[in-house]
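Enquirer: Chains as they are written, first to last, in the working numbering: chain F, 496 to 797; chain B, 22 to 357.
If a hint is listed, it holds; no wrong ones were tucked in.
Which stretches of chain B does chain F cover? Using the computed rule of at least three CB atoms under 8 Å from a CB of chain F, they are:
#1 177 to 186
#2 297 to 310
#3 313 to 322
#4 336 to 345
For the record, the hints were derived by calculation from the structure and aren't laboratory data. Idealized CB from N, CA, C, for every residue including glycine.
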Amino acid sequence: MSSGDLPLAATSGMPVAVPEIAEEAERPAPNLLRRLPHSRVAMVGLGLVLFWVVLALLAPVLPIARPDAQDYVAIGHPGSSWAHPLGVDALGRDMLSRLIWGARTVLAVAPIAVLVAYAIGSAMGLVAGYYRGWVDVVISRAADVILSFPVVVLYVILIANIGPSALNIVVAVVLASAPGIARIVRGLVLSLVHHDFVAAAQLRRESDLYIMLVELLPNCRAPLITDFCLRLGYTTITIGTLGFLGLGLPPPTPDWGGMVKQGTAMITVYPHMSLYPAIAIVSLILGFNLLADGLTELALTD
Amino acid sequence: MLRYLLRRAVEMLLTLLVASFLVFAVTEFSPGNVARKTLGAFALQSQVDILYQKLHLNDPLLVRYVRWLGVLTGLEKDPLQDPSLGLDFHDPRGARYFGNFGYSTLYKAPVNDVLWDRLGNTALLAGLAMLVIIPVSMVFGILAGMRAGSWLDRGLSTTSIVMTSVPEFALGVILVAVFVVGLHWLPGTSPLDASGGWSIPSQLVLPVAVLAIYDSGYVARMVRSSMAEVMARPYIRTAVLKGLPRRRVILRHALRNAMIAPFTVILLQINWLIGGVVVTELVFAYPGFGRMLLDASLFGDISLIEAATLVALFVATATQLLSDVGYRYLNPQSRG
Numbered sequence: 496m497s498s499g500d501l502p503l504a505a506t507s508g509m510p511v512a513v514p515e516i517a518e519e520a521e522r523p524a525p526n527l528l529r530r531l532p533h534s535r536v537a538m539v540g541l542g543l544v545l546f547w548v549v550l551a552l553l554a555p556v557l558p559i560a561r562p563d564a565q566d567y568v569a570i571g572h573p574g575s576s577w578a579h580p581l582g583v584d585a586l587g588r589d590m591l592s593r594l595i596w597g598a599r600t601v602l603a604v605a606p607i608a609v610l611v612a613y614a615i616g617s618a619m620g621l622v623a624g625y626y627r628g629w630v631d632v633v634i635s636r637a638a639d640v641i642l643s644f645p646v647v648v649l650y651v652i653l654i655a656n657i658g659p660s661a662l663n664i665v666v667a668v669v670l671a672s673a674p675g676i677a678r679i680v681r682g683l684v685l686s687l688v689h690h691d692f693v694a695a696a697q698l699r700r701e702s703d704l705y706i707m708l709v710e711l712l713p714n715c716r717a718p719l720i721t722d723f724c725l726r727l728g729y730t731t732i733t734i735g736t737l738g739f740l741g742l743g744l745p746p747p748t749p750d751w752g753g754m755v756k757q758g759t760a761m762i763t764v765y766p767h768m769s770l771y772p773a774i775a776i777v778s779l780i781l782g783f784n785l786l787a788d789g790l791t792e793l794a795l796t797d
Numbered sequence: 022m023l024r025y026l027l028r029r030a031v032e033m034l035l036t037l038l039v040a041s042f043l044v045f046a047v048t049e050f051s052p053g054n055v056a057r058k059t060l061g062a063f064a065l066q067s068q069v070d071i072l073y074q075k076l077h078l079n080d081p082l083l084v085r086y087v088r089w090l091g092v093l094t095g096l097e098k099d100p101l102q103d104p105s106l107g108l109d110f111h112d113p114r115g116a117r118y119f120g121n122f123g124y125s126t127l128y129k130a131p132v133n134d135v136l137w138d139r140l141g142n143t144a145l146l147a148g149l150a151m152l153v154i155i156p157v158s159m160v161f162g163i164l165a166g167m168r169a170g171s172w173l174d175r176g177l178s179t180t181s182i183v184m185t186s187v188p189e190f191a192l193g194v195i196l197v198a199v200f201v202v203g204l205h206w207l208p209g210t211s212p213l214d215a216s217g218g219w220s221i222p223s224q225l226v227l228p229v230a231v232l233a234i235y236d237s238g239y240v241a242r243m244v245r246s247s248m249a250e251v252m253a254r255p256y257i258r259t260a261v262l263k264g265l266p267r268r269r270v271i272l273r274h275a276l277r278n279a280m281i282a283p284f285t286v287i288l289l290q291i292n293w294l295i296g297g298v299v300v301t302e303l304v305f306a307y308p309g310f311g312r313m314l315l316d317a318s319l320f321g322d323i324s325l326i327e328a329a330t331l332v333a334l335f336v337a338t339a340t341q342l343l344s345d346v347g348y349r350y351l352n353p354q355s356r357g
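Same shape as in the complex, but just chain B (with noise of 0.2 Å):
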């Protein structure tokens, strides 16, 4: 075990490390550099030059990478933060130290001092929104499961199905004309500040639905057909013709191994989250970790960027690894 966990962190470790090499050479794509960024719209093209020599953007793409690296395990001191460049940029925490991701060009501000607590809020949500996804997807998926072809299985997968052919946005727009224009209900935007007459819970209410229900379709599904599988195995029919009464046959029997493939799937959700947060903070301009990303992203913040998919990406392979480790303990076969 101590060797599969070993492998799979080297594993994990060289998945983030192409992936950030990936990362940067797509934003070699997008007009503009960072001299640019730095100093904005307004600088004439000269200042742009200088900036541009000092920084040694000429450099190939392979040598600015091992510089970033640098830069990142704390081996190389951040070159904007520089005070012969006269930027006047400051990090608290030094300009050398481990996981440094260097300096936001969108925020003018240190990336650790604006991922952290985008990510906080983002936790918030996506947590929230686990909370409503698990119940209801059990739930919907053991009641379809359990007979299937029912009347009930029928109705229930019809449901799953159409929630999850709605995507987010139309889902939040759908919402809001209701609950927001129409009842007003709830409020619109979820700024997360309480000043404008709204609580912060009635502000989650809207973003975490959008989150669940789109997401909860897509579990139960996955919850229904492992149930449906489980149920026409010869040990439950067994079960059921020695007589035990059906309550007892589907609680201790049947779900026990109906619940391993959900049980990654729900894990898997987690990533899927991470992407279904862009489209959710976008519609309520809610303070997050995906409107952050969507918007380094359209500026071209290349630091921000990278540390936002590095993050994204951590979290991604960390739930990976969590469900097949959790897989082959669940799982008695596949622990051979």
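In isolation and in its complexed conformation, chain F is listed as follows (with noise of 0.2 Å):
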């Protein structure tokens, strides 16, 4: 046998998988977050997810000193200690703490960020696909400058220039993050918007809006549910990109990405300044993937 022949093999191959996919779209969208348990790497990545979310709500009943309380004394003996057991950074403010604190920012502004990414995005995304024309070139043009920028490069511009608060890291998320979820979303609604339902309400006189919110946007659902956990773990890298590069949330705030970064300074010495918010982050961002990767897997084996 000739390696000649492969691509013909190829195409001979691809009849079969159309149908396939066209028979996906007709089926209602299976409903991912009820068959979570179905997956052992979902459910560690949710585990990981809760962790942090537990701690951050419980902050201020727990047991532990403010995030910007000083103890002068431990400065000398940074380590950790009964007092504090996972020692004290630069200026004396419990580790500890101030990681639980500091899950609490990052809880807030990634998923607040991300879900006025998506409501932007998906806006932007119905529009174009459900109306098509200049609308739609319109749309898709900005969307393709903004892709087009390296996204760090993006961020650190936008925030070096706004500065930085925690409203402006919104802002810069959702204005680098919408254009991304309204390709997908016009993707999505240029595959159903020939189905019969939509012909259907548009038949019944629904309103253009109606259409786009009760008929199209439900059934995207699916593969925004596993879109929206990666860009939680993305946008979380994001924050503590800019928290590390000094484009964070202003002191004292507890900032994982700033606490890494001031760690550097004395990381010859005393490296549990860095490591551990360093490894805080990583856990939370490995939750968001592990969760997205199990609904993955969940969402083609169904």
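Combine the two chains into a complex, taking the hints into account.
Expert: Below is the structure:
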């Protein structure tokens, strides 16, 4: 058998795959979240995320020092002790407390930013995919320009100029992620818009808004749930990276990326100051990514 | 094909134009202006005001943007080099030439003197990282995707997810804690200058590792899913059922089709690496493009930010074009 006939073999395989995909779209979107316990990977991910969510929620009632309280005596021996199980940072602030309060920061900013990005991105994608024409051209071209920026470059230029604050980080995340979400939703809408249920709704004289929000958007659910988890992980990386670059939340707000950065000054003597927050951020991102991976697996094996 | 390339080139040019205008507009939000940044924090306000007037900085945004375009294309002289300003800014290439990115207010040197050396250093870093990423992710992805669901697949896929869950800055700090502080095997900074006692290759190990580990995990996942998808196709089943050895089925039948999608992903990693170097270069004090961009942004050096953005965007859009053309060439279906 020569290798020359391979492309032919590959094309002959395709017509089988196409009806399968079409069939998939006819079926109602599987309720991914309800079947979550079937995936061990997803459950490990969920466990990691919940671990930090619970700690973050309980932060005010846990028996830990305030995140900005300084223990001047402990600065001399910043390693772990009974009073400070994970040690203190260079300013004598309790590491454990700052990690837990830092979880509150990232777990508030990341989901809000991603949710707002989803609201704006889905709206853009729905409008572009449903109306087509010049609206689609304008939205798609604008998305292309934003998406051609290397992401970190976009964030650095934006935040360095508009200033670091929780609101501006949300603005930057929305600006950088909404075009990508819009592109996904637009693609999904284009594949759905020829289906009978859309034509039926148009015959019933439903408004365009109703068709987009009630008929089309819920059918995009399955791929978007996975993408949402991935984006949460990615946004957590972004927020951490901005903190590390000195473009995160201004001090004294406990921010994991910023803590890693401050710790690097002492890394040759007391590596724990930057290692612990680095491990914390890795565990949360791992949680989001495992969750996304488990959900993808569930969606495929449906 | 020629018409397609021409259309894409025009689109690329438009993207660069729009993006450079956006960057110009965003820098409006930063405090201070070119006059203050040129003269420094200790200049009197009256001196700054005079320079502000002479540079016509109170013109509308669009006018100043068009003037900047004029300098870039060599139609106009760089206003900062005007000898009557008394700034003593000198570009050996002259005040008017094509590709004049102007004068960096941060480094007090022509942008073209600063930019290209840094870019060369970064290209070295990114190139070495690619040399690690491609074989590692291929081997991982092919082994995992070969038998989807096997223990080998589970193990390799989980490893890949862990690799993509460690942000570059966290990985940098962890590697420094282990190999620099703990084991004393490698240097913690990479100034590309052997006077500190560490050879230049030894300085490159950790930065390349940081860039490569994160990205290999990502590309490996792409290779795996493409491989798993191809292995499930009927023609592979046919090949197996007619008794071909497994090795032959994978190497000669599956790989060819499985590599089409990852090919584009791998090229697009160049775009990702441009961002990755910002963090990596900061961690290891590496004299590269990414750290220059960060410093320029923090300082508000508009000429340098614009030049760096244009270079980054050019690399990004050019690799995008290359991957699209390559995809059309590799995938007979998209040729129609």
